[in-house]
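Trainee: Protein chains in written order, with the numbering used here: chain A, 74 to 369; chain B, 74 to 369; chain C, 32 to 301; chain D, 32 to 301.
I should point out that these hints are in silico values taken from the structure, not numbers from a laboratory.
Worth double-checking, as some hints may not be accurate.
[Stated by the list, open to error] Below, a list of computed lysine-lysine pairs in the DSBU-like style, where the Cα atoms sit at most 30 Å apart: (1) Lys166(D) / Lys325(B); (2) Lys100(D) / Lys297(D); (3) Lys166(D) / Lys334(B).
[Claimed, not checked] Away from chain D, derived, C-beta distances all over 12 Å, residues of chain A: (4) Thr80; (5) Asp83; (6) Gly92; (7) Arg115; (8) Pro261; (9) Pro290; (10) Ile293; (11) Glu299.
Built from N, CA and C at the ideal position, the CB exists for glycine as well.
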Amino acid sequence: MTDKLATLEDAVGDLVSDGDVVALQNMATQAAPMALVRELIRQGKRDLGLVVLVGGMAVDWLAAAGTINRLIGAAVSMEQFGLCQQYRAAVERGDVTVEELSETALNARLGAGARNLPFLPTKGLIGTDLIDQSENLVLIDDPFGGRPVVACRALVPDVALVHAHRADREGNIQYEPTILWPDIGIMPKAAQRVIVTAEEIVDTSRIRENPDRTVLPGFIVDAVIEVPYGAHPTSFYPRYGYDTSFHMAWAKVARDAEAAKGFLDRVVREPDTQAEYLNAAGGAQMIAAIERWRTT
Amino acid sequence: MTDKLATLEDAVGDLVSDGDVVALQNMATQAAPMALVRELIRQGKRDLGLVVLVGGMAVDWLAAAGTINRLIGAAVSMEQFGLCQQYRAAVERGDVTVEELSETALNARLGAGARNLPFLPTKGLIGTDLIDQSENLVLIDDPFGGRPVVACRALVPDVALVHAHRADREGNIQYEPTILWPDIGIMPKAAQRVIVTAEEIVDTSRIRENPDRTVLPGFIVDAVIEVPYGAHPTSFYPRYGYDTSFHMAWAKVARDAEAAKGFLDRVVREPDTQAEYLNAAGGAQMIAAIERWRTT
Amino acid sequence: MSDWQSSPTATDYTIDELMITVLARQFTNEDQACNGMASFLPVSAFMLARLTHAPHLTWLAGAAGLEPKASKVPASTLESPLWADSVMYIEQYGDFWNYALNGRWLTKFCVGAAQLDQFGNANNSIIGSDYHRPKVRLPGTAGLGDMGSIGKLLYYWNPNHGPRSLVEKVDFISAAGYLGGGSEREDMGLTGGPQLVVTNLAVLDFEPDSKRMRLQSVHPGTTAEEVQEATGFELVTPESVPETAPPSVEQVRLIREDIDPDGMRKREFR
Amino acid sequence: MSDWQSSPTATDYTIDELMITVLARQFTNEDQACNGMASFLPVSAFMLARLTHAPHLTWLAGAAGLEPKASKVPASTLESPLWADSVMYIEQYGDFWNYALNGRWLTKFCVGAAQLDQFGNANNSIIGSDYHRPKVRLPGTAGLGDMGSIGKLLYYWNPNHGPRSLVEKVDFISAAGYLGGGSEREDMGLTGGPQLVVTNLAVLDFEPDSKRMRLQSVHPGTTAEEVQEATGFELVTPESVPETAPPSVEQVRLIREDIDPDGMRKREFR
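Let's have the full structure, built from the sequences with the hints guiding it.
Mentor: Structure follows, in structure tokens:
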């Protein structure tokens, strides 16, 4: 096996190019590889396409920073913290175009990409205006005589960004027992390159103790980086919950482009390390708060 | 939730009808719900169709007993114990017809069945004689302009038979950490009814301790039965290995219809309970042997 | 679970509590209920059903945690406290859709939409006439674009009944209702569809032939005229429209004390 | 892993050991190797490669256990002792085929077939002319029917070289080789295909233009004429056919002492 251990700077610098289609693990306030998202912004990547099942603050930041110009996904929302206002404004201005897919259609596009199939079918979306909105969806006949289905064209992202609990230097990726969001199940397998941040890098012997908890094999992973609290401010159960104060602070500035830029300068562009970021985000007090998630 | 606790007799009696298509969890010498297989034979079920990914001794027994008249599957073999001779003879006589599918084609048929799609595509099988052999496979054009793919028609078995480590009375099914064979991943979800035997029935509170180990939710399961060593003579790791002596004993008689019948009388038809079966199969000494698998 | 059946009708209740009881009534012991994000009313309804008439109602919290023992409604209905002590974690891509698409399970969904039209078509995509340059970008269809087409029975809830959310024709169909009405949905081979719209003013269903939205009951204190005035199209209105049955004292107590003591359900009301 | 490179050529070795070294040579540090059932020679070859020239060769034991630490070849190559201390259990339906179909990983497979023909088409289905009433029912195509069509490089091993296993035309194509030869496979858009046939008599490959099976080397002690005689069709035979390079002393020692002390590899020879 090859040593995949990297830094955020090198991994994003070497494996993400301007214009790439980037698949991002994410739900509304959950499990996003936020350290990688910040690094995309810090390096000033441009014209990225973003693939998300349900995007949250990461999408808002990438839109605010002008990093992305298109999005393929099923929804963008921060749930109780509201819509992503910077993303919304960018779409309404025409700066970000949206290919909106239902969950089964996105899953089908990525599943076909992973399995090297030209398409996978779904029965969702029939009757909606969403089919015409995308050149990657087309009604086809059932060769066995039933009703037509929607063929969803294969989607192969250039790179997938993932956060995990544990990894070894060879890129074997583990999750502790928790809900598995769909991104981890298919996005990295469809993508041409995979970058993983992990709460901790462990020895391979530790990985071998629980082979059933390994969710990605080392041979598909290109780089692993140790980033404690690397999903902050999104949740990463069972280790920590989402950061309510941080989400509220962003939601407060996100309707105003200047204020949003100031926020991103402070928490994204100025801190040079994860430790500096965590300090800017509230430090030890913040960490204590997100680790108290069980009681909230 | 409903109480799904049942007996082998009632579950097979109530949920399996002559002529049904029965999906069987199985690999060459692994993880087959053998107590349910024996019960099918004991009740004299007829004209069953059998769906297996890779069938082993179960297929040989069901062919020997005249229980099945058709098979849909990718392979039938007992690996180091040789071909299934009773099955082979039944096919060569014309008593059992075979729809032979590659692994991706069987997975596609079952996946489409589970997801209520008319078909799923594969790129396997192209160029082989297997496509013409089945009316459920047909080459279709790629609507996006690429090469044709093989559409695999949805397969919905009437009933799926599964063995597991643990279940509660509500039908929530758990596996201990081990290799997961493909059958458990898709067959039960494609089938209209599901019967599960488990090494032990536990309280639901025990299930809640490891929600990540639950492989089937209670709402899709129709009956659960506690059957210790219910996969014998196939392996069921990490609890026990396959029974080498038993497989060799069967392989020795399996070329001869009379001898095979005598074997089945002794181990299938005569024992009335799982305890009697285990005794007929070698009792405590046999159990000690299969539990020593780690050292072999 | 003791005295909910004999409990008298409440007089002290709020609209959110009334809506929760109406939604709860739609789910039985034989159903599997599932909620998405920001679904405080449906989650409260599932909890209420399980504490009263449907103790065996199966619940898949956040489309991920099966039969959780959540003690109360948390601040997010898509986050871990909700699926505490589940019997199973169902992985969404590989597994949730296996069950949801199958057709035999998870047949009823409580869903919300920014716009809903007279034939039950829903829009969560964009406001405006140009999809690619919208006046307002909405969150997106998520799973709803599937649910509308795969035979599910859909129960819309709308805490803000008004002419902007209940419109004659949606700007964009992101979930199929009865399309142009009549048999149009059926003719496309689609089964299921919208069943009920539970708002802060009324309960609405769909007239069987025309598939136009119909006033089923008005909430106590509201008139049919007020409901029509707050609606962006002409409702089918029977000659006599009954009042929505109010919750019982015990139902209100369960909601306030056990299910949602923190009042998360109030967040849905602007 | 010390002295395998400087180890002298062995004189005391058996055919199984020779075949293992030929197969081992096909796999590099960049490959992911995967074995199915009853695959004692391939498993020994992967273990040998990992102990000698390809320590970083990735191995997926039984298509399920990643990077196992199996101490020796067990009685089954599809059972748990083989994947002892794996770093991952890959679930077959949901996951194995994600990787195998993708095209970037698991590009080489060692495969066996009851019949193989002059163009590398394989048959594991039936012997006879009527598929539905066969003279002999073989085990079935399993994953091979996929592997032949999805661009994989296939390395056939055959411990029993003879006119019944190497036939002019297979009774039934259960895995695609070069079909009718020439560009027929390529014209169908199929990439990859059979690369090598390693038997107990010789190593064979495929002539680049005609795609006919070709004698690449004969094992020490065998002649090209003997190989042709044991083959059911005319082999492409260059004017001079080299001898297969024998294993080194250290390779033989590793196979006998470390990899397969119980001699499971002998079971494949009738």
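Trainee: Which of the listed hints are broken here?
Mentor: Hint check: 8, 9 and 10 fail, others pass.
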